[in-house]
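Protein chains: 2
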Amino acid sequence: MSELRRDPITGRWIIVYLDKVLQPSDFKPEPHIKNKDNCSFCSGNEGLTPPEIIAHRSYGAPNTPNWTVRVVPNKFPALRIEGELNREGIGVFDMMNGVGAHEVIIDTPDHFRDMGDLTCAETEEVVWAYLARSIDLRRDNRFKYILIFKNYGKSAGASLEHPHSQLIALPIVPKRVYEEIDGAAKYYEYKERCVFCDIIRGEQEEKSRIIYDGKYFLAFCPYVSRFAYEVWILPKKHQSDFTSLERDRVPDFACALRNSLAKIKGLLKDPSYNFIIHTSPINGHEREDYHWHVEIMPKLSKVAGFEWGSGFYINPVPPDIAAQNLLSVKTEEK
Amino acid sequence: MSELRRDPITGRWIIVYLDKVLQPSDFKPEPHIKNKDNCSFCSGNEGLTPPEIIAHRSYGAPNTPNWTVRVVPNKFPALRIEGELNREGIGVFDMMNGVGAHEVIIDTPDHFRDMGDLTCAETEEVVWAYLARSIDLRRDNRFKYILIFKNYGKSAGASLEHPHSQLIALPIVPKRVYEEIDGAAKYYEYKERCVFCDIIRGEQEEKSRIIYDGKYFLAFCPYVSRFAYEVWILPKKHQSDFTSLERDRVPDFACALRNSLAKIKGLLKDPSYNFIIHTSPINGHEREDYHWHVEIMPKLSKVAGFEWGSGFYINPVPPDIAAQNLLSVKTEEK
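These protein sequence lines map, in sequence, to chains P and D. Letter by letter, the first sequence follows residues 1 to 334 in our numbering. Letter by letter, the second sequence follows residues 335 to 668 in our numbering.
Be a bit skeptical, because a hint or two may be false.
With a straight-line cut-off of 25 Å between C-alpha atoms, the simulated BS3-like cross-links for lysine-lysine are [unchecked claim]:
1. P:Lys28 - D:Lys409
2. D:Lys571 - P:Lys302
3. D:Lys362 - P:Lys36
4. P:Lys28 - P:Lys330
5. D:Lys599 - P:Lys154
6. P:Lys191 - D:Lys368
What the hints contain is simulated information worked out from the structure, not anything from laboratory work. For clarity, every value in this text was computed on a predicted model and none was experimentally measured.
Kindly generate the complete structure, drawing on both the sequences and the hints.
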């Protein structure tokens, strides 16, 4: 038997299988074969990247070892920082120069420890780098949106294996962001409440889908999960912009992120995944109708024609079962 | 250098690389290792599928060999044909029973010949099966949309290797379909012209992106291609619904589809791909603002966090170069 479920934010439907549920052992993720030879992100190879933008190091000069987190421009950027935007019409289409920023946050000098293997304190340093770069790039008035994300593993589209995150500053607000913001605004218009706050309240009452319940942050497998073992992390208190995150709440956020990734890694044999920080467009005031959050999407199966054609997703693991399985994984720090 | 391009239908942007262009030989698709042992779609194994819904055979009883195309219910359907819809609210969410139809069109009895290897006449038979099943299912008033698609190869999400297509009849109009229809309707409202008809005219003037120019159908690599070697096929004359396709135009459509797939297969070492027939929702009258078409998406690279988070796509092959490369492939029938 299957059930159709509708997400009130984007209007997206999913099909969730309720019988024929896949077990964690049914997923066979591709193994990550790691080799640090000539890795340009490893400590000691700082000369192989463009000069760093920022780095956390206790001593030593820029572009030398002894850093914990390092931010560099992407060597093969999708967009370039130099130039004017120059939007123009080409027939029915619009065209713009590829202006933007594309940066790489090297999460750790250790080639073999992904974010789920880091300590909460180490993850916190990565989050500080996300915040610092976001705050800096917001000042460039050519940019309308800052997207921070992580691709881990080949199936998730990672081209380099050394643990890293990416930041892209865009000259337009992307379509998927508008969709989410418009959907949340419609809900707010009708109910005068933030849809994400309502979802948090629902998950707190339901309890069965929560995998991390911190002082400031909640992580859970959402009722309308598109993917098996999808996890969302939200600040419990309403906040629309990631860069508004209070300093004293960074450790709890880092821990929610690190522990969720550690649970996924432990339960599902280290699968590839993407995570994305969903936040407000730049220069938006603090919005009552939108709520920043992280979406973690393990890559356990392929997206096929049906999903591409419909925006409908078929999920073979009901999220309450996913959450119970994730909860069973111990994620002590090493 | 890169360029941002905006699709006037959905408002989607892509980033296309204009220097660093990938060559056909730069793509290394996973090889398809094919083994027909116990294949339930092969001729002779008709007893391994649920009883057929329709089949084309010159002689013999149902569920016996000697067929050319065969349609069966999906053995593990995402949705089931029995039952009532019963939509209800669960907190902020909506829930519905998993009612729908999920059918498999077995394109050919030959395990080893995908659609790009078939003749145009054989592909025509598959198209007739698409039409017959669409027309039949439209009469069930629980259904609002019929999605026909094909997954070829593991990277495209195919779970069975025998060449087949799929049809899913849905009790709701999916989000991606609404997006496209709403976008086209807005264009029509402003211009009083179909946006797809305008795109066709633009491609015919530009010429450089066309890969098939038949009496009734045009295939080209669209200016705003999300994926390397993406191909769209459209009827030249305005038509919003796939089931309105005139009998005498079926051969040209089949040939456009088969030849496009044969070119992709020939140029790019048989990559995995999805194609999807985009058509009007059921019970829509013939619409002036929408135009049915096929989108073929070769799976040459992975979709990563950036694409997931933004709905922005990065395309490493400008579509005019893709078209010129595809045109160079000979696609005579075998």
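Here is what the structure says about each hint:
1. P:Lys28 - D:Lys409: 22 Å, holds
2. D:Lys571 - P:Lys302: 35 Å, violated
3. D:Lys362 - P:Lys36: With Cα atoms ~23 Å apart, Lys362 (chain D) and Lys36 (chain P) stay inside 25 Å; holds.
4. P:Lys28 - P:Lys330: Roughly 21 Å between the alpha carbons, so the hint for Lys28 (chain P) and Lys330 (chain P) holds.
5. D:Lys599 - P:Lys154: Distance ~23 Å between Lys599 (chain D) and Lys154 (chain P) Cα, so the pair holds.
6. P:Lys191 - D:Lys368: 55 Å, violated
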